[in-house]
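Sequence order for the protein chains is A and B.
Note that the working numbering gives residue 573 to position 416 of the first sequence, counting from 1, and the numbers run on in steps of one.
Note that the working numbering gives residue 309 to position 278 of the second sequence, counting from 1, and the numbers run on in steps of one.
Do not rely on the hints blindly, as some may be mistaken.
Computed footprint of chain A on chain B, listed as stretches where at least three residues anywhere in the stretch have a Cβ under 8 Å from a Cβ of chain A [unchecked claim]:
| id | segment |
| --- | --- |
| 1 | 53-62 |
| 2 | 162-175 |
| 3 | 312-322 |
If the Cβ cut is set under 7 Å, some of the chain A residues that face chain B in the computed set are [said to hold, decoys possible]:
| id | residue |
| --- | --- |
| 4 | Met194 |
| 5 | Gly201 |
| 6 | Phe246 |
| 7 | Ser252 |
| 8 | Ala254 |
| 9 | Gly257 |
| 10 | Gly268 |
| 11 | Met273 |
What the hints contain is simulated information worked out from the structure, not anything from laboratory work.
We treat Cβ as the ideally placed atom computed from N, Cα and C, and that holds for glycine.
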Amino acid sequence: MELANDTVIKVEGLHKKFCRHLRRSMFYGTLDVTRDMLGWRYDGGTLRQHEFWSLEDVNFELKQGEALGVIGPNGSGKTTLLRILNGIFPPDRGSVAVRGRIGALIAVGAGFHPNMTGRENIRLNGTILGMTRDEIAARFDAIVDFADIGEFLDAPVATYSSGMTVRLGFAIAIHAVPEILLADEVLAVGDLRFALKCYRKIAEYRRNGGALILVSHAMQLVRNVCHRSLWLEHGRVKALGETQEVCDAYEQDTLQRGLAGARLEEPVRINHDPLVRITKVEFRDAGGAVGDLFPVGAQLRVRIHYACGRVVTKPNFSISLVTVENIIAVANHSLFDAPGLCASIAGSGWVDFVLPTLALKPGHYYCTAILGEGSLDNNLDWHERAYRFAVTADGWPPMSGLFQPAARWDAGPTTPGGTV
Amino acid sequence: MHDTPTIPPAAPTCAVVVYAPGARRSTGFWRSLAVMGVNIYRSRELIRQLFIRDYLAVHKKSFLGFAWIMLSPVVAALSWFFMNAAGVLKPATPDAVPYPVYVLLGTTLWGLFIGFYQSATQTLTTAQGYILQIRYPHEALLVKQALEQVVNFAAALGVNLVAFLWFGVRPHWMILLLPLTTLPLFFLGAGLGLIIAVLGVVATEFRRLCEVGLGLMLFITPVLYTPAALALSPRAQTVLHWNPLTHLIEAARSTLLNGTLPDPLAFALSALFALAVFLVAWRLFYVSEHRVIEKLF
Numbered sequence: 158m159e160l161a162n163d164t165v166i167k168v169e170g171l172h173k174k175f176c177r178h179l180r181r182s183m184f185y186g187t188l189d190v191t192r193d194m195l196g197w198r199y200d201g202g203t204l205r206q207h208e209f210w211s212l213e214d215v216n217f218e219l220k221q222g223e224a225l226g227v228i229g230p231n232g233s234g235k236t237t238l239l240r241i242l243n244g245i246f247p248p249d250r251g252s253v254a255v256r257g258r259i260g261a262l263i264a265v266g267a268g269f270h271p272n273m274t275g276r277e278n279i280r281l282n283g284t285i286l287g288m289t290r291d292e293i294a295a296r297f298d299a300i301v302d303f304a305d306i307g308e309f310l311d312a313p314v315a316t317y318s319s320g321m322t323v324r325l326g327f328a329i330a331i332h333a334v335p336e337i338l339l340a341d342e343v344l345a346v347g348d349l350r351f352a353l354k355c356y357r358k359i360a361e362y363r364r365n366g367g368a369l370i371l372v373s374h375a376m377q378l379v380r381n382v383c384h385r386s387l388w389l390e391h392g393r394v395k396a397l398g399e400t401q402e403v404c405d406a407y408e409q410d411t412l413q414r415g416l417a418g419a420r421l422e423e424p425v426r427i428n429h430d431p432l433v434r435i436t437k438v439e440f441r442d443a444g445g446a447v448g449d450l451f452p453v454g455a456q457l458r459v460r461i462h463y464a465c466g467r468v469v470t471k472p473n474f475s476i477s478l479v480t481v482e483n484i485i486a487v488a489n490h491s492l493f494d495a496p497g498l499c500a501s502i503a504g505s506g507w508v509d510f511v512l513p514t515l516a517l518k519p520g521h522y523y524c525t526a527i528l529g530e531g532s533l534d535n536n537l538d539w540h541e542r543a544y545r546f547a548v549t550a551d552g553w554p555p556m557s558g559l560f561q562p563a564a565r566w567d568a569g570p571t572t573p574g575g576t577v
Numbered sequence: 032m033h034d035t036p037t038i039p040p041a042a043p044t045c046a047v048v049v050y051a052p053g054a055r056r057s058t059g060f061w062r063s064l065a066v067m068g069v070n071i072y073r074s075r076e077l078i079r080q081l082f083i084r085d086y087l088a089v090h091k092k093s094f095l096g097f098a099w100i101m102l103s104p105v106v107a108a109l110s111w112f113f114m115n116a117a118g119v120l121k122p123a124t125p126d127a128v129p130y131p132v133y134v135l136l137g138t139t140l141w142g143l144f145i146g147f148y149q150s151a152t153q154t155l156t157t158a159q160g161y162i163l164q165i166r167y168p169h170e171a172l173l174v175k176q177a178l179e180q181v182v183n184f185a186a187a188l189g190v191n192l193v194a195f196l197w198f199g200v201r202p203h204w205m206i207l208l209l210p211l212t213t214l215p216l217f218f219l220g221a222g223l224g225l226i227i228a229v230l231g232v233v234a235t236e237f238r239r240l241c242e243v244g245l246g247l248m249l250f251i252t253p254v255l256y257t258p259a260a261l262a263l264s265p266r267a268q269t270v271l272h273w274n275p276l277t278h279l280i281e282a283a284r285s286t287l288l289n290g291t292l293p294d295p296l297a298f299a300l301s302a303l304f305a306l307a308v309f310l311v312a313w314r315l316f317y318v319s320e321h322r323v324i325e326k327l328f
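Take these sequences, add in the hints, and give me the full structure.
So, in structure tokens, the structure goes:
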């Protein structure tokens, strides 16, 4: 296959199949091995009974110095793709051309022997990763320095903390300096200080012309590190392009599917007065349309419908928005925010809680709605986390905080004559 | 801070590797053998490191350490001596070789053969944990596995030689040919083992069948008894005659003890058979190792 000068990986029409059925898989395996052994030609690029495509018609190119993110839900074929690129699994149809040494940052530290010292394991692991004796000797100090294992160098790896093991594994792998680096969910490990060190190392590696393929569920990481991204879904390429676009689309899709597919945990509804009920809670956008998906920065209206069989004086409406990690992001009470909203209610009606700018981090949120009377602790009808909506990124710059209020920045000089 | 190595520019100078379906199948037989030979040569350091890891590091966590390697041959030798001294086992042996010497050497050689077989069956499983992560020539693993057996055999042979001196038997100078005379045992053992390493993953029946078969082979090979002991049964003689292991083990044992090769033609044919099995197995391993790895885990 022809490769352009600056292309390091070219994947064309790549297919890979697996078999779901254990017995049949044994049968096919025996058959294929026999045919391979006898040199018979056969078409392995079609599906037989119980087989499925783990990867189907995948095409992409990677150039020198580029970083490609591979995203997608579990079981979409990401790891299989890495294994094929690495030459561990052969393709069933299509082809993969690779220029240069491939290094894998997959499950770093695989192959460490617990009884051997750090020093011995560096030699062992370095050799497994394809370094020569001289290369290991030349980079030995840099590896030890990077892993920051200090006096543990001559202690058996069994005595290391898990963090140290990971650091050592990563240090060896990154110093193997391949032309192409495959990383599968590895940057999520280790402490923050080490993670930052790794990012810097990877950035340096790329500046020097190294190419990177990063498989990760951490969208933030993919956005920060990768130019382009590949979205795999059921083994097929759902999108390939600029990281920002692909990641946004993927997140949008995930949120939507989460809303459709996920069932609410058994919501807690506590009623202290059968005559007073919250009948419905709706999420509306600026135009009044009801939905459950809202972009960051848009307006959100939470509408509480109620029905009262008696007069409720000094009613209080409470709304809390809770993340899926159970952190209360927003908790507002009409009794405090708008004491004059209504002196009393009876019959049925609605109340809107309006967030003019929905400045919440993209993700899923639960909504709690409470209708009370007179004070905050007198709840008549309480729907704890009974509703759900999602905030989508939609082109906003990445947020790492939970809440991004509309803030102002001021500046001024502290020394006379200083300029701002 | 130390200098960080720079990444070699992924240059047009690097060769392009293409992975496509059936690439290995369409590689010629001799060429595939050559490719694997070159891979093994290039993996010398890897073999050394893996040997250190799997063979030497195991003994780090024991008080006796490497003494364990000697222990089992010593126990084996003592048990044969005991049975012989107790009069349980005193069959006639050719050339007046004491029976304990005869049986000790025979079982050591048989152990080498079985060792080659078993270690070869584990060629792909020995690297669990990183075989799915990192690409390297797996044939290096076979060599590492076989090396472990050779070291075990050397230790056992050392114990045997001490025992021989005790019985007043002096090994012939042709003991120096042992690497040559035991080579067919490697071919046959490792060949069968590789075939099982491949087929045993696809279907476990093959592994079990082969193990039962080898258990039976011990009884139709003159290891525990001498061919002379079966002189009265022509049928048993025929079975023994057609068993290549008979000739391979006889040759190794006889050259060591007496400096003679009892049946050179039978030995040559058996050795050729062993080589053929090995070449077929080697090819099988080459064309199907990927498929096996896919199904391994």
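Structure-based check of all given hints:
1. Only residues whose C-beta sits within less than 8 Å of a C-beta in chain A count toward coverage, and the segment 53-62 of chain B has 5 of them, enough to reach three; the restraint holds.
2. As drawn, the segment 162-175 of chain B meets chain A at 6 residues by the rule of a beta-carbon pair under 8 Å; at three or more, the given contact holds.
3. Coverage of the segment 312-322 of chain B by chain A holds in this model, with 6 residues showing a Cβ closer than 8 Å to a Cβ of that chain against a need of three.
4. About 5 Å separates the beta-carbon of A:Met194 from the nearest beta-carbon of chain B, less than 7 Å, and the hint is met.
5. About 5 Å separates the beta-carbon of A:Gly201 from the nearest beta-carbon of chain B, less than 7 Å, and the hint is met.
6. This hint holds: A:Phe246 has a C-beta 6 Å from the nearest C-beta of chain B, less than the 7 Å allowed.
7. With a cut of 7 Å, the hint placing A:Ser252 at the interface with chain B holds, because the nearest CB-to-CB distance is about 4 Å.
8. Evaluation of the A:Ala254 hint against chain B yields a held restraint, the C-beta minimum of about 5 Å falling below 7 Å.
9. For A:Gly257, the suggested interface contact is upheld, since its CB lies about 4 Å from the closest CB of chain B, less than 7 Å.
10. Because the beta carbon of A:Gly268 sits about 4 Å from the nearest beta carbon in chain B, less than 7 Å, this interface hint is met.
11. Of the supplied interface hints, the one on A:Met273 holds, with its beta-carbon coming within about 5 Å of a beta-carbon of chain B, less than 7 Å.
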